[in-house]
Amino acid sequence: MKSGDIAGQRKGLLSAGASLLWRRQEILWWVFAVNVVLGALGTLGAARTLNAALGYSLAGNQLVKGFDLGMFYELLRLPGANFLHSGSAAFACAFLFAVFMLFVSGGILEAFRQDRRLNTGDFFAASGAFFWRFVRLMLFSLVPFVFLWSLYPLVNRFAEYVGDRAAADQVGFCIQFAGTILLALLALLVRLWFDLAKVRAVAQDQRSMWRNLWESCALIWRNVGTLFWMYLRISLVAAIALLIGFLIWAKLSPTAIPATFILLEFILLAQLAVRLWQLASATAWYQRHAEAVPAGSLAYTMPQPEAVIAAIETPGVPEPDLPPLSEPEAPPTGA
Amino acid sequence: MQGHRALSVFAVGVLCYASAIAQSPFAPKVSGPLSQRVVAYQIDAKYDPAKHTVDATETLTYRNLTGQPLDHFPFHLYLNAFQPKSTWVREAHRDGYFRTSSLDEWDPKDNGSNEITSFEVAGMGDLTRQMKFISPDDGNVDDKTVFEVRLPRPVAAGQDVQFKIKFKATFPEVIARTGYKRTFLLAGQWFPKVGVWWHDQWNCHQFHAMTEFFADFGTYDVKITLPKNYVVGATGVQTGDTDNGNGTKTVSFHAEDVHDFAWTADPNFKVVEDHFDGSVGPVKIRLLTYDSHKSSWQRYLDVIRGTMEKFDQWYGPYPYAQLTVVDPPHGAGEAGGMEYPTFITGDTSWYAPKGDLSEPELVTEHEFGHQYWYGMVATNEFENAWLDEGINSYTEVKVLDSLFGRNTSSLNLLGIQEGDGEELRSSYLGDPDFDPLARASYTDMSMGSYSAVSYGKTATMLSTLETIVGEQALRNALHIYFLKYRFTHPTQQDFMRTVNEVTGQDLNWYWDQAAYGTQVMDYEVLRATSDSADWYQQDATEKKGATTYETQVILHRKGEFIFPVEAEVKFDNGESIRERWDGKDRWVRYIYHKKAKVVSVEIDPDHKVTMDSDYLNNSRTSDRQKGATEKIAAYWMFLTQFFAQMLSWLV
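Sequences listed follow chains A and B, in order.
Mapped onto the working numbering, the consecutive letters of the first sequence carry residue numbers 359 to 693.
Mapped onto the working numbering, the consecutive letters of the second sequence carry residue numbers 565 to 1215.
Bound-form chain B, shown alone (with noise of 0.2 Å):
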């Protein structure tokens, strides 16, 4: 009997300890806390399909490591967001759209909201009364997206203090990566969420239409309930399904060190498993689908293996059990694209075809390059985009090229191509000056300017920046910078400083221009031209190799943007010269004597200063180049005839 006790005991604690093991939110070879843990949240969540909402019961326990005692907490309630007077609605409205939504109008099932039913601090009470709606950006005092409480007594410093709060989510229709369609539900930020003390006050910024999220780091323990025909997909990984006998069941997900928390439910999802080997164990990817989209399942899945690769050999190892990737279905486009930790929504349809690589392909390589960029190194996603978006964006170009090539990383169609880090250059030259990157993001004239700077200039700067101090000695920098900010929330100064510090160089130069600046660069070859240099005598008769020339080349810095650059001057017997200029000065000459003509002037020959914003400047020929022209007017005249003939049929 005792042998069998102790047998007992013995396969007990096997269980256990596989199922630790299989439970736990890191990947084999990673064991926590990563992070300093501030938050605890623990959430009971109840969800109603046919009403679209969650009840839910929050236990948060929350750490003071703010060195002072903290006598009031503001909250974020974000959902609130969507209901017509809010500060995001407004700001959505004012430019007419967001994303792939028109918010010309107002429907009413763009509604959502956080409703908090009872707010209870320990020790301390029912504090549901002491709560009050704050505006701290813009004084909207019809926006309910952050909410203070202000406690009887202040918590002091080192300790803990637990606030367990009933709510309920109501969810839009899908709208901002979040929401509902059909059967489809995207829960992301449906739970109240603490502000982040950050640089000795809090931050909890209202729920903006430009920017994201921020939040501090901790642990997650959801309980969700819901019909058990349900598919549920979440932040972390899973650690129990159970079937409560009454048509429904109860899954529950854990994750650690992570700041946020999202899931997703839908019966109709299809489940498509894999793993990537990576440097600290494999890693479970778990892609969340529909049987329509099918021709994407295998792209969805190369392109994952392909990216995190990618980022465990450059920038450091994604250290978690799982990566759940969510396909939301169509219609849901305002779903697609959204990274939260561990979990990110991709995009694609029954019919994307195979040489867009816009959808599934760049998107989700994006969204996971968020695991790094915002999941890890934890960026203040409201002021500083740049960090997250535009480093992203920088690390996507970089990922996509080596994956599919530099000039069709993002289309390569019927010999119609585009790279990626050109398209992100289109769309910084679309509103290239009005914002500079280091401005608070929320505050950007548009969401027009929002995009092009967070997104394409950052991105665009970055690549120019390669010029300066390599592509290797940048990877190193954003390696250093990843592997020292991870699980911190670093600023824009700690970034730029990195970069400093590893390449070796003072760059503030740069970013003085670049991140604070607005300055637009634009170089131009203005003149290349070969005289004789006996041009005086009449009778010289010039002779190819015989005749001396001289030949003139100036090079214009026609934008603000100082920047050096390099200029390949090419000769007729086949010489070539590279200059370079630092740019400081408005022009510079370039005088040659020869017995070769100038054949062509090229500003940046290796093509890689993408912050220039005229490349048909950049060169000069002496000889006409007819191609592009014949080429484009072929095409506009079959057109014109096309559109002619068109015309002709309606009368």
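In isolation and in its complexed conformation, chain A is listed as follows (with noise of 0.2 Å):
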């Protein structure tokens, strides 16, 4: 393949993620609103304690009017004010999202890779079939990440002892920013691979998780400069957008509470598009480049035969709205 196919393929990826998403954006606003929802119940524990304390108190104008950190630091004080308890809550939301879109990944997947509205039917019909097969998959990315994890602690160990006998202050520093930026790109790659993993499943109907898990990590292996590069720019666009959203809320006016909530909440769904991107990235790439679908796969989602057939011949009854077939896809290439 020449260089310039390959740099194609690569634009031609991105973009096709992007207008994937962009065709499927109902699947953003849902899960968006969902986050939302889930991010207001977990706040209303600590809305009403923050109330409690300042809705009848002139003290909350040193908040108000710039953020004044003494003034925050008696607020967390107020014996009444339970915010360890606020914050269980409003972690106990933040699993749950997580759980939902460990559901909904399945159903996600299936809208990319059909590339069509699916009814809502058929949208949890495919969440719940691969619900816990996703659930293996995320147990045995635990390995993995936990490993990561435990690396870093070990970064910051060496930093701090090569750093704290070199004479320059920056290098401590630059070793552990080295250290944390390729952890952070390994765990990327865990991400991908096991985002691959779950784009397999879905196109395949893979049961085995195990075997699919060395499957696509093999299928990484031989595309991984193709695969890694189209993810770390969908997450630079993420780091982007939240950098710029930083920005402007920095030149927001303290007292602009509105509008510093929908910079926020503007921030936040830049995030979830730019993570869904990625996914419908994959599964671009996947449809562009991976193994033929094997028949029958797909057979939670195909109406039987006879259904059709008779729909067909029953006057007045609409005809399914059935998937386009799509053309057998190309062994990889290897590229």
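If you are wondering where the hints come from, they were derived from the structure by calculation, not from laboratory data.
There's no promise every hint is true.
Below, a sample of chain B positions facing chain A; criterion: calculated Cβ distance under 7 Å [as the list claims (entries may be wrong)]:
#: 1; residue: His894
#: 2; residue: Gly895
#: 3; residue: Trp914
#: 4; residue: Glu982
#: 5; residue: Glu986
#: 6; residue: Ala1192
#: 7; residue: Lys1195
#: 8; residue: Ile1196
#: 9; residue: Ala1198
#: 10; residue: Trp1200
#: 11; residue: Phe1202
#: 12; residue: Gln1205
#: 13; residue: Ala1208
#: 14; residue: Ser1212
#: 15; residue: Val1215
Built from N, CA and C at the ideal position, the CB exists for glycine as well.
Two independent chains are provided; combine them into the complex using the hints.
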């Protein structure tokens, strides 16, 4: 394959992923809505506590006109203000969202794969069909993630050890920074691996997640440059979006509370969009480059032949909404 | 020839005079002695950078001004604190940390020691065998931070006695204001130092983790021999720099009317010099720093000059010729933020953001303040830490607020603000009621309590006192206190008496609670309601400006600390009333009959009673205040959602 072709395909992948997400943007809005609702639920307790403390007090003005850290400490010190309890509620809501995302991953990937709007039943059928498989994948993913996490203190200790002995101030920081970036990149690679495993599981209706993982690993091994570069660029977009949001936030007036709220939610929407963009791009890549999908692998969404025939033969019954038949996909190129 | 000789003598005389002027430890308009000089130290020290040791000979001339014969002398050996069984390590380990160091584990690099190889007394011979370690504070037989020598015959009142001590100091890796880090050395508390005869007895405490030092005023002549590529800074002024021709040099320093001597050395130091024009003439500022901290150099100089100016204006002159400011290298945080006479250590980093004023501004200001509250007004830091750390924290707030703004003097970054006074108040409220200020500081419950009380409570307590006596009166009191007690060892009673006298008020009721007690202050607005005066009439309709309301306001003293407070009651017709309550009863009720409803009631509307432990209940409004709740809730929600997304990324 010519290098120009590879570049063209790489460029195409990102825009293919983006346009796939754009076409399936209802997924983004729904997921964001759940994120907002759970975020709001996780905030209710804290808001109630805050209201009890500040609702009829002038002291809160110091938090509105600028952010007086002293007054914030005052709030945290308040015996009646159990922020630990509110924090637990927030954590529970965050956890629920993660479970929700795990559950709907199958539906999201199926919608991306078919590139059409699934009805609610199909969406949740796909979600349910893959849920336990993805739970298994998630449990497998704990191994590399925990391993990487456990490396972080070692990086810190090494940076401290070297930095402590180096005359230049920045040495320790640079080692820690480089180590953190490296670990983050490795985590991204792990994420890519497990995302691809999910895409494969949906595309091929794979049941053995263990085998799926190894096959995905082999697939990534052969295409690591393309895939990782794709994920990295999308991640950089997320980081840039976060940075821009932060810069705008820094410029906002401290009293502009509605504007701040909207900005913060916009940042979150952007982060979520970027995450779905990664999944959409992985799906697009797989559909372009990966293995042929074995026949009969999509049984859970395919209407039974009798039902189709019956629908055609019965006047007045609308034709079922079938997925477009895809061309058999080329075997992996190993490019 | 005669003429030539006369000219030569004249020239030598001029040179000597010029040299004497140049080497004077005082600012141009000051001449000593400024203190009752009890001690004169001459130390000849040789530093071995590879081993981090100093071999030295110390000649101490002690003048017996106690008015009675003295037959025994206690000495501090502070570096022996850095041994696993010492009282210092026991105390630091008990609390789990010391400043930035975790003392959960003992690292051999933490070992330090002062070893005396010879102890002679002029005219009395070698008394090395007479040395005996004592533990006056806790009876810890393993603590070797104080030793005592009994002389064969007493030193008569008014007479001098000369001690000749040979010792070896081994420095730990930097901890507790002393030690080495790579090529850097901060030599603090490094030589045998005699105790203080105070209140008719020796005052020579063991080295404790929480508290600092106490020593007599005198003169210091110190020679330090070390590799010649080293840059050296020390207490006092440099009087000589001789190349020994063997790769080493000997640098001499002279200091007068100081009670300690510290020095620092590092071949990587960069020297930045400036000066401050004070009321007694220019003072040289010598900053020893590093290239990597270049972004902080100007910040150091600006805050030093600003601080010196405020202290000169408000409290009195800085009489010395020089101030040496040491900016420790990275990883040597334990050497940062320390004061020695005419010699302080700051703290910064290569990335120090400008809006974070805690480093180097706050640290540098604080340590310079100690030149007054410790350096010149030399209180007993073992026993009355609030007199040095606390008063210094209070003046730190005043200076930093005047330089950087009341609400932004500690932090002003990305819209997040904190005043230095607020930070100290937060520290106080962390542990407000375990130890009274008047307790011997080294016996405080914990490092946290010591810090909360000595620094935070004192600053907060003095700031609150301003509401009684006025800011200017308290400034005058500190000014008089400084002038009266500089170069002496005042007590806490001296301080409180001076404030009473200068302000013309008997403040003992305040000192009893704030200094001798542990009461916590908390006032609240319990009720603020307006009811129609003719509420009983069934067909009564309320009309703004026409209906008469009975407004009831109840103020409640929740805490045990009794303090007079003001409360401002605002009505919806724009009227406001200030009430003053002595706070002696548990509560007070105010009733108003007006054609207006109450809008808000606020205790301490000028926000000066910083001792109040809960600001949130100091006010009550009739309408709901949404802003703060909505703002924090928006951030809380963002963080919850963000965290949720992060978690979902993992699955």
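Exercise for the section: Have a go at the isoleucine 1196 (chain B) hint: is there a Cβ in chain A nearer than 7 Å to its own Cβ? Expected result: This interface hint holds because 6 Å falls under the 7 Å limit.
Exercise for the section: Answer holds if the nearest beta-carbon of chain A is closer than 7 Å to that of phenylalanine 1202 (chain B); otherwise answer violated. Expected result: holds, 4 Å
Practice task
Closer than 7 Å between Cβ atoms is the bar; does alanine 1198 (chain B) clear it against chain A? Give me holds or violated.
Solution key: Holds: closest Cβ of chain A sits about 4 Å from alanine 1198 (chain B), inside 7 Å.
Practice task
Classify the hint on glutamine 1205 (chain B) as holds or violated, based on whether any CB of chain A lies nearer than 7 Å to its CB.
Solution key: holds, 4 Å
Exercise for the section: Have a go at the tryptophan 914 (chain B) hint: is there a Cβ in chain A nearer than 7 Å to its own Cβ? Expected result: The hint holds - tryptophan 914 (chain B) has a Cβ within 7 Å of chain A, the shortest such distance being about 4 Å.
Problem - Cut-off 7 Å, beta-carbon criterion: hint that alanine 1192 (chain B) touches chain A - result: holds, 3 Å
Problem - Interface hint outcome for histidine 894 (chain B) [beta carbon to chain A under 7 Å] - result: Because about 4 Å separates histidine 894 (chain B) from the closest Cβ in chain A, which is inside the 7 Å limit, the hint holds.
Problem - Hint status (Cβ of tryptophan 1200 (chain B) to nearest Cβ of chain A, threshold 7 Å) - result: holds, 5 Å
Practice task
Under 7 Å, Cβ to Cβ, is where glutamate 986 (chain B) needs to be relative to chain A, so tell me if that hint holds or is violated.
Solution key: holds, 3 Å
Handout entry: Restraint outcome when valine 1215 (chain B) is required to lie within 7 Å of chain A by C-beta distance
Key = Status holds, d = 4 Å.
Exercise for the section: Using Cβ atoms only, decide whether alanine 1208 (chain B) comes closer than 7 Å to chain A, and label the hint accordingly. Expected result: Status holds, d = 4 Å.
Handout entry: Interface hint status, lysine 1195 (chain B) versus chain A (Cβ within 7 Å)
Key = With a closest approach of 5 Å, the lysine 1195 (chain B) hint holds.
In summary, this structure violates none of the numbered hints.
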